[in-house]
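*Asks:* Chains A and F, in that order, are what the protein sequence lines are. Heads up, the first sequence is in my numbering, so the first residue is 290 and it goes up one at a time. Heads up, the second sequence is in my numbering, so the first residue is 97 and it goes up one at a time.
One should not assume that every hint holds.
Derived pair list, reagent style DSSO-like, types lysine-lysine, alpha-carbon separation capped at 30 Å [stated by the list, open to error]:
(1) A:Lys-420 <-> A:Lys-467
(2) F:Lys-327 <-> F:Lys-218
(3) F:Lys-203 <-> A:Lys-467
(4) F:Lys-231 <-> F:Lys-203
(5) A:Lys-342 <-> A:Lys-332
(6) F:Lys-231 <-> F:Lys-211
(7) F:Lys-255 <-> F:Lys-203
(8) F:Lys-255 <-> A:Lys-467
(9) A:Lys-332 <-> A:Lys-410
(10) F:Lys-327 <-> A:Lys-467
(11) F:Lys-218 <-> F:Lys-203
(12) A:Lys-354 <-> F:Lys-231
(13) F:Lys-211 <-> F:Lys-255
(14) A:Lys-467 <-> F:Lys-231
(15) A:Lys-436 <-> A:Lys-410
If you want a taste of the chain F side facing chain A, the calculated C-beta under 10 Å gives, among others [stated by the list, open to error]:
(16) Gly-106
(17) Arg-110
(18) Thr-173
(19) Phe-181
(20) Leu-187
(21) Asn-195
(22) Ser-202
(23) Lys-213
(24) Leu-334
Every beta carbon over 10 Å from chain A, so not counted as near; a handful from chain F, in silico [as the list claims (entries may be wrong)]:
(25) Glu-123
(26) Ile-164
(27) Leu-175
(28) Ser-183
(29) Gly-227
(30) Asp-304
(31) Glu-322
(32) Ala-342
Simulated from the structure, these hints should not be mistaken for lab results. For each residue, glycine too, the CB sits at the ideal point set by N, CA and C.
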Amino acid sequence: MTSSLRFRAAVVSIVLLAAFLGIWHLATRPTAAATNMSPEYAKLMGLTATQGKSAMPGPLDVGAKLWEHLRQPFYDNGPNDKGLGIQLGYSIARVGLGYFLAVMVAIPLGFLIGMSPLISKALDPFIQVLKPISPLAWMPLALYTIKDSSISAIFVIFICSVWPMLLNTAFGVASVRKEWINVARTLEVGTVRRAFTVILPAAAPTILTGMRISIGIAWLVIVAAEMLVGGTGIGYFVWNEWNNLSITNVIIAILMIGIVGMLLDQILARFTRMVTFPE
Amino acid sequence: MTDKFISIEGIARRYPEAGGDQTTIFEDLWLSMSRGEFGCVIGHSGCGKTTVLNILAGLDQPSEGAVIVDGQAIEGTSLDRAVIFQSHALLPWRTVLGNVAYAVTSKWRNWDRAKVKAHAQKFIDLVGLTGSEHKRPSELSGGMKQRVGIARALSITPKIMLMDEPFSALDALTRGTLQDEVRRICLETGQTAFMITHDVDEAIYLADKIFLMTNGPGAVLAEIVENPLPKDRGRIDLHRHPLYYALRNHIVDFLVSRSKTFATTVTDHDPRNVPVVRIGKPELVVAAESEHSTQASWPGVSRPSTSS
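Let the sequences and hints guide you as you build the complete structure.
*Replies:* Next up, the structure:
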């Protein structure tokens with residue numbers, strides 16, 4: 290009886306999930322209610338003190354709250370109470386816009402760097418200095434110059450996702466096999482046609498890998514950026530719920546951030562597979 | 097050698113070395129071929145064979161000298177000179193048809209899709225790959241990939257085919273079949289071909305003229321051996337020809353010993369008048385084309401003292 294690896298892996302995953310939820314549930318069980326507490330103090334402490342309820346929400350609390358969110362993802366009751374779908378939508382839109390701008394800049398510039406050793410050497414010191422800067426360090430400068438918190442967040446996404454794409458594009462273009470270039474040369478293929486018919490397809494897997502790294506970083510950074518700029522977005526939601534001391538909502542938000550990040554990564558992984566060629 | 101279709105005139109290739117010196121791979125190399133001829137270059141690794149071919153293809157520039165093809169000095173690459181690469185160099189993201197069609201559209205830019213396809217198909221059929229048009233290179237065997245390489249080179253109907261050890265990465269059986277194909281195609285189309293090889297038998301089977309190069313650095317074209325075997329030679333009875341072993345031994349002797357000692361033993365080698373060797377029966381007859389021909393003849397015959 291040998292079931293497929295996939296099936297066995299799925300079983301182990303489910304067992305691990307069940308174990309995690311079980312431990313979580315047991316760890317957050319209500320303890321015995323405190324006795325001999327002055328009623329006023331008990332009122333102040335809430336259910337934790339009066340009924341021994343754990344301060345940390347259990348899986349059932351989170352599940353119930355999640356169900357509530359999922360049934361009504363797009364409600365809007367004013368600036369501090371919007372549905373999870375709306376918050377995620379804002380975040381995805383910011384990431385998408387910043388990321389799109391980064392693609393527009395990084396891929397042509399990466400092509401130039403990859404094809405011209407002169408440009409590559411000339412730009413190298415700038416890239417080396419700019420690359421390790423934490424994207425959030427740009428935030429005050431962006432707020433000061435742009436004077437719009439929402440656009441500043443988009444700028445931060447742009448600046449953090451531009452580097453992996455730029456470097457991967459340059460590397461992919463520079464390391465296209467000499468023999469493919471020679472084929473194009475012996476066929477008298479012009480520079481532009483060569484760039485699109487030989488270099489682009491040959492470098493596409495490397496470029497897409499850079500884009501995949503970038504979307505991951507962008508999604509990491511948007512949460513922090515939105516905590517800073519506030520207003521809307523999943524990062525703001527997390528911070529707002531922390532201020533409300535709603536740990537249940539914080540946990541739900543963490544879960545949602547993970548799921549959306551995974552989906553973004555999977556989309557790019559699919560594109561990467563589409564342009565990858567077997568040799 | 098009245099009609100010089102390809103004429104390599106005194107080319108040299110030098111590489112700068114640490115310390116300001118230069119390493120000369122080869123210099124003052126003169127070589128010519130007439131239309132429809134099949135020439136093979138044999139020499140050890142490092143003698144600059146591939147560089148000569150790359151210069152002829154336009155992929156590399158000589159440090160000195162020039163190459164004239166069909167009355168014109170070459171400048172860069174050209175669709176008139178097709179290259180079959182050792183590593184086949186197919187574009188892995190294109191199908192067989194796509195690879196050949198890429199070459200076809202590069203030559204005839206305003207052809208419509210159907211015309212390109214029909215033209216490419218003709219050459220795929222010619223190399224015996226009918227039915228594999230839509231496969232990708234990764235799905236093909238080494239021999240099939242090289243067939244695509246040949247089809248791609250032929251599809252642009254070049255004046256010259258340049259081959260850089262095209263079969264060296266293949267197994268002996270596949271190599272034999274592909275040699276047959278190349279020979280058939282070259283005879284049928286009257287193609288001028290220039291090939292680099294390590295394989296003496298391949299050179300004897302395919303070439304009209306075999307160019308022997310000495311070891312580098314400072315390699316020279318030592319002599320040109322004319323293939324005495326009939327034009328309609330077949331693989332099966334090739335080795336039964338009375339001159340086959342004389343020819344083969346001459347080339348092997350050169351590769352084993354004379355390619356190393358050539359520079360020291362032959363002092364009056366004139367690179368512009370490389371001796372042409374014709375192998376006759378029962379002994380070597382050296383063509384009286386060069387005044388230095390006696391010095392360059394087979395040492396076993398003319399200079400018994402140097403043979404060892």
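*Asks:* Each hint needs a verdict: does it hold in this structure or not?
*Replies:* Cross-check of the supplied hints:
no.	hint	in the structure
1	A:Lys-420 <-> A:Lys-467	holds (29 Å)
2	F:Lys-327 <-> F:Lys-218	holds (26 Å)
3	F:Lys-203 <-> A:Lys-467	holds (21 Å)
4	F:Lys-231 <-> F:Lys-203	holds (23 Å)
5	A:Lys-342 <-> A:Lys-332	holds (14 Å)
6	F:Lys-231 <-> F:Lys-211	holds (20 Å)
7	F:Lys-255 <-> F:Lys-203	holds (13 Å)
8	F:Lys-255 <-> A:Lys-467	holds (24 Å)
9	A:Lys-332 <-> A:Lys-410	violated (68 Å)
10	F:Lys-327 <-> A:Lys-467	violated (37 Å)
11	F:Lys-218 <-> F:Lys-203	holds (16 Å)
12	A:Lys-354 <-> F:Lys-231	violated (54 Å)
13	F:Lys-211 <-> F:Lys-255	holds (22 Å)
14	A:Lys-467 <-> F:Lys-231	holds (23 Å)
15	A:Lys-436 <-> A:Lys-410	violated (35 Å)
16	Gly-106	violated (24 Å)
17	Arg-110	violated (21 Å)
18	Thr-173	holds (5 Å)
19	Phe-181	holds (6 Å)
20	Leu-187	holds (6 Å)
21	Asn-195	holds (9 Å)
22	Ser-202	holds (4 Å)
23	Lys-213	violated (17 Å)
24	Leu-334	violated (32 Å)
25	Glu-123	holds (25 Å)
26	Ile-164	holds (19 Å)
27	Leu-175	violated (5 Å)
28	Ser-183	violated (6 Å)
29	Gly-227	holds (20 Å)
30	Asp-304	holds (24 Å)
31	Glu-322	holds (29 Å)
32	Ala-342	holds (38 Å)
Of the numbered hints given earlier, the model fails hints 9, 10, 12, 15, 16, 17, 23, 24, 27 and 28; all others are met.
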